[in-house]
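Chain A is fixed; fit chains B and C onto it per the hints.
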Amino acid sequence: MKDLVSIRDVEKRWATSIFKLADELDSKPAPRKLAGKVLSTLFFEPSTRTRLSFHTAAARLGISLLDIESVGDSSIVKGESLVDTIKIVDGYADCIVIRHPLEGSARLAADLAQHPVINAGDGGNQHPTQTLIDLYTMNRLKKKISGLHVSLVGDLKYARTMHSLLYGLAMFGAEITLVSPKELQMEKAILEEVKEKFGTKVRISNEMNFRDCDVLYVCRIQKERFADPYEAVRLQQEFRITLESLKGAKDDLIILHPLPKVDEIAPEVDRSEKVRYFEQARYGVPVRMAILSDVMG
Amino acid sequence: MKDLVSIRDVEKRWATSIFKLADELDSKPAPRKLAGKVLSTLFFEPSTRTRLSFHTAAARLGISLLDIESVGDSSIVKGESLVDTIKIVDGYADCIVIRHPLEGSARLAADLAQHPVINAGDGGNQHPTQTLIDLYTMNRLKKKISGLHVSLVGDLKYARTMHSLLYGLAMFGAEITLVSPKELQMEKAILEEVKEKFGTKVRISNEMNFRDCDVLYVCRIQKERFADPYEAVRLQQEFRITLESLKGAKDDLIILHPLPKVDEIAPEVDRSEKVRYFEQARYGVPVRMAILSDVMG
Amino acid sequence: MKDLVSIRDVEKRWATSIFKLADELDSKPAPRKLAGKVLSTLFFEPSTRTRLSFHTAAARLGISLLDIESVGDSSIVKGESLVDTIKIVDGYADCIVIRHPLEGSARLAADLAQHPVINAGDGGNQHPTQTLIDLYTMNRLKKKISGLHVSLVGDLKYARTMHSLLYGLAMFGAEITLVSPKELQMEKAILEEVKEKFGTKVRISNEMNFRDCDVLYVCRIQKERFADPYEAVRLQQEFRITLESLKGAKDDLIILHPLPKVDEIAPEVDRSEKVRYFEQARYGVPVRMAILSDVMG
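Residue numbers (the working numbering), protein chains in the order written: chain A, 1 to 297; chain B, 1 to 297; chain C, 1 to 297.
Chain A on its own, in the form it takes in the complex (with noise of 0.2 Å):
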């Protein structure tokens, strides 16, 4: 694979490779075979988390970082179209991770760009490597995929992740349940692709009850969505995760997060050892690390 845009892109055999070479480079100190490579990573959104993830991963490998972060003052940005700014840094770097607000821009850079292109986020659009680093940890730590019942529990209708989550996960064959307010369901034409291409049926439920669950992954409601503010909090209260809502879950639970949370967890929740998102969190690095060595190596 040249690019890594969008999920549609990814076949099981090439992710399933990915998941190998991630837990090898995990478990001993990586070669420092790619040391005098030049990574960029072209920020045009804040993004702290998805960005040192892939600085540490860069590290690990020796890969040298060209940190271009376009929110400010940057004069690659002011007045110079985008065209522009991607050839300028394809002619610096040998691999572009990039993160901007426009849908398709990704697709644009990869196109015009010689050296691989990584999309790390285009807008409400894809965001392929946070939903291998979700398929990762749910192959790690369940040892299986396929036939495991996944839950989907938040924002379905805007949460990014959660689109590209589902289609991955049809992939690998899970056993899906989404569960969101009515108000955040998730669009009909993505289930209806995934029916059509992987033969998945979807459930879709809006109770917090998660007695067959094998992985609960959760995201954020975001009350800017909502007009009235009374009614996003009524639904975040009524979509929280609380040891409440997990009475009667299997003892071997698990719960993911793409994180940064902030309410949609009650804090006691965080102690239980169903809780593994901090682990997910530090897969994102051997994750990344197995892209970069897969695309720039």
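Hints in this document: simulated from the structure, not taken from any laboratory.
You may find that some hints are simply not true.
Just so you know, same-sequence chains aren't split out, so a pair can sit in one copy or run between any two.
Here are the computed lysine-lysine pairs in the DSBU-like style, where the Cα-Cα straight-line distance is at most 35 Å [claimed, not checked]: (1) Lys223 - Lys20; (2) Lys33 - Lys2; (3) Lys274 - Lys37; (4) Lys197 - Lys28; (5) Lys2 - Lys274; (6) Lys2 - Lys28; (7) Lys261 - Lys143.
For chains B and C alone, kept in the frame of chain A given last:
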């Protein structure tokens, strides 16, 4: 030692071994045995100098950097708890250098993190690596600390540096004189602590007379601490280091300062051979290299 | 050479050796013999492109970076003199790349620092590495500079790039034509200097005719220089590079630009094979690698 949170964690023997290692690291090219390791500098307050000195130390050792400044719009902070941030960074890096305005924050980080934590300033509380650099500089330039006559001059009430330095000097057996305006005298509790722990009797003075002094350590009087700005200017004038105030001083007196300095030292003093604060700043690198080698090695 | 402050410090022989080294460094993986060295980029004005190009050059050579931007709230500047800042950074790094709005600031830094200093722009004065990149690009693409017909087009009065480039072209024996609005003609003193020093007779023109031209070097007309904005727009239109203005030009004419460009070159020209400015930007890396190797080696 796993963590370096307070000068009170430091034993004389450990400090002495750090000084010896710093001497070695300053005299020949550093070994690259920490290459591939990752150091996170996690700064919730701006501090260019301390950050750069740690960055240089890491670079010399081949350590890669994860530089996190959370002063701006960093999503690692927005709405996220300090606890979550530390857990995540602990998953990425092999060591965390933290500066945070809250007293006790570094101790909290050390308790949460599995990797070593170095305190680079927690509010008005501790900044132990600065103290080790100050002690190293005296020891290197004067070949001893025990029995050395050291005068601390300036704001002894609010300047964090001075509290820790007094403790360190007492531990190493220096003869200490405190010179400050009455309004800015050091708190009694600190004087009692060093008397009880090390039997140190500190001399208090408000005269700018350095006849017997071997080391003159100056820090800034912060004008913003005064209700009456004219009073601040008057005290600044009175406790300013000038060529006049150095009359009668020993030939081999050395003048130190944590930097940056503003106007507490007259510009003509800068050209004196007594001035060693730029050398002191440079020693920040080998001392921090030694500390990083010790806790990360 | 210890420092690179002005193009006037550069001798033709040294520049030629830099070009040769840049060729070598661009054709194979760079040696890692500068690994462990530290380069400080000390920027008091924003300049993403120059900074990134130096960062890439350093990375390719295994040099670690100390990246200091003093535009924001950096305590390295707040109330501290430039002299103190330079002395401290000189204590940390093995070489300083400095950009500062004050003319003469780089010379001051070179005088103060024991390590080499490279000027990356001191106000409206000098930016010698850009000139070396421009000359390298012409020499690489045209196999010579002497006798080459070079037209400089745009704001020749205020654009720093153009003054240094004129000097460098004259030193290498190019045939030079200056094309600009009357209001933006190059100052007489510079023309007299190159005539006296190199015997160069420069042609002055205000016509967009590039029939005999081998190299067309374009720079931006800054609208903020004009009291009357309509006049600025009119001149911009008149001196804009379009496919029309290139009619009758040689087949192997090459078009260069220091970038970023805004609207001084029509978008359809971007697709012409004559356009080589993205290549020119890329050459910034090997040329700066060669300069760093020379002064830090």
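Hint numbers contradicted by this structure: 1, 4
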